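There are 2 protein chains.
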Amino acid sequence: MLDYSALAAVGAVIREGSFERAAHALGITASAVSQRVRGLEERLGSVLIVRGQPCVPTDMGRALCAHLDRVRLLEDDLAPALALTGAVSPLTLKVAVNADSLATWFPQAAAAFGRGAGILLDLALDDEAHTADRLRSGEVLAAVTADPEPVQGCRTILLGALPYVSCASPDFMARHFVGGVNRDTLMRAPHMQFDRRDAWQARWASEAHGVELAAPTHWIPSTHAFLDLCIAGLAWGLHPAPLAEPHLAAGRLTELPPGLRIDVKLYWTVARLHARALETLTRAVCATAAEWLDN
Amino acid sequence: MLDYSALAAVGAVIREGSFERAAHALGITASAVSQRVRGLEERLGSVLIVRGQPCVPTDMGRALCAHLDRVRLLEDDLAPALALTGAVSPLTLKVAVNADSLATWFPQAAAAFGRGAGILLDLALDDEAHTADRLRSGEVLAAVTADPEPVQGCRTILLGALPYVSCASPDFMARHFVGGVNRDTLMRAPHMQFDRRDAWQARWASEAHGVELAAPTHWIPSTHAFLDLCIAGLAWGLHPAPLAEPHLAAGRLTELPPGLRIDVKLYWTVARLHARALETLTRAVCATAAEWLDN
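These protein sequences, in sequence, are chains V and F. Just so you know, we're using numbering that gives the first Met the number 0 here: the first sequence kicks off at 0 and counts up by one. Just so you know, we're using numbering that gives the first Met the number 0 here: the second sequence kicks off at 0 and counts up by one.
Honestly, the hints are just simulated from the structure, not real lab data. Every value quoted in this text rests on a predicted model; they were computed, and no experiment measured them. All C-beta atoms in this analysis are idealised placements derived from N, C-alpha and C, irrespective of residue type, glycine included. Hints are supplied without guarantee of correctness; some may be wrong.
A few chain F positions that, by computed beta-carbon distances, are all more than 10 angstroms from chain V [what the hints assert, rightly or not]:
id : residue
1  : V49
2  : E74
3  : D121
4  : R182
5  : G258
6  : L272
Sample of chain F residues at the chain V side, in silico, Cβ under 10 angstroms [as the list claims (entries may be wrong)]:
id : residue
7  : L124
8  : I156
9  : H223
Using the sequences and the hints, build the whole thing.
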């Protein structure tokens, strides 16, 4: 059997980023944390933590932390039977979320879940290129993603579609699209991209105007800054409809003709692990998604 | 002399993340891009790009791209004299910004600069642990940061202080602080942290109540989600005052007694490079900061 008290020390150092903060969180001294971690490393014959600022896990350290998270999740289901509720430290669930969901509907689901369940959330911004790996390794237990690829050991639930609307400020329209939105003006007007994977502006230009978009690009890696900079007239771009609509209604944004909206399907990919906390979270996520997303 | 047309191809692959998108951006074929990159790699005897999804630079590739950015920046100052303005592709400035600035005052500076200068912005979210390295290597040309450490080759300008206010929803106050905000309730009430470096909640608890905070923690890596989840009653946390104030006024948030605000000083660290574009950006950043931040 693994030494779980030593493993808990490893988990705390990874979660908190340093031996000192881990000691503080566990209510023991930093030298006790260090001793437990080193002891486990010696018994396993492997380094588990790369000491640094912050401390990060080695591959084996990451695998052990993922295992620890699962053991804790299953243990949490026993707590009521063992009448341990007051004594055990609260469970933390690590979940990856794509930025646009975190900027729109996900906080409602997280709050509904977190307030009721007494379980803590450790949210990570989805990096689609790595989320599948992080799910597979158990580093995160669930993810909201636009990527429908099945992940081994997980089930994937379609949550619905988030509609995206193509917008610019009225002042930007007057400066760049006075002759209309067409191939010619679209190739010159600056647009925004969230990151290198953000192909929605290009897809919109292709579907709405048959244009293969190669225009000046601003790179803005934040959903709200994307919106703020569009309203400020820097560039045009696609925004989640729930964020754009109040600004469209108030005249701060104008929808680019022909008013084509693009639906982005969102999925909930969750570890196949029979644990109450994951089921409660899945229910909260599905219920909130049903309110916000198109089906 | 370096082969700048080949180097521009390397830069485009790094910026766009793939040979195909770089080809599209440069208006040449992917095989022409590939040939230029390979040719330069052979002449230099070094791999410059790690082929993958996305393509990323090697250390030497990164150094060459940083050099290319600086050459472009200086070249941009020549454009009016050479009457090249219409012909050259627009310049892109890569700037790191901390999340709370990007969520509050920075978009106004970015829009003022971007609309006037015809220069594109490539914003990166500040990761304090790496921003100094990225400035030193020239990967970013400037940064908004809370870190006052001088960086070699850069000058640092104090922009002012962003005040932070400690808040919870009225419903959260009733559930967790009905007996008052004190040592005892602060140790049990769940709070939020943005990431592992976010020590502001702990500092507030220490300064306001002499408490060494070790309470249940939700990890929420987005400024707006941090605020949304506080309003939804998940946890208490510190928010930039410009974001929290409308919600305090509307009664959606309550300030935790004793109403102690924490000032976070922000700095503009910018490459020592005499180039018009950087000076214009610095002026826009300083002017907007003077409007928004406390001096």
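Hints versus structure:
1. V49: holds (14 angstroms)
2. E74: The claim holds: F:E74 sits with its nearest Cβ about 17 angstroms from chain V, beyond 10 angstroms.
3. D121: violated (4 angstroms)
4. R182: Label holds. Min Cβ-Cβ 15 angstroms, cutoff 10 angstroms.
5. G258: It holds; F:G258 is separated from chain V by about 25 angstroms at its closest Cβ, greater than 10 angstroms.
6. L272: The claim stands: F:L272 keeps its Cβ more than 10 angstroms from every Cβ of chain V (closest is about 21 angstroms).
7. L124: Hint holds; F:L124 Cβ to chain V Cβ min 6 angstroms, cut 10 angstroms.
8. I156: Where the cut-off is 10 angstroms and the nearest Cβ of chain V is about 22 angstroms from F:I156, the hint is violated.
9. H223: holds (5 angstroms)
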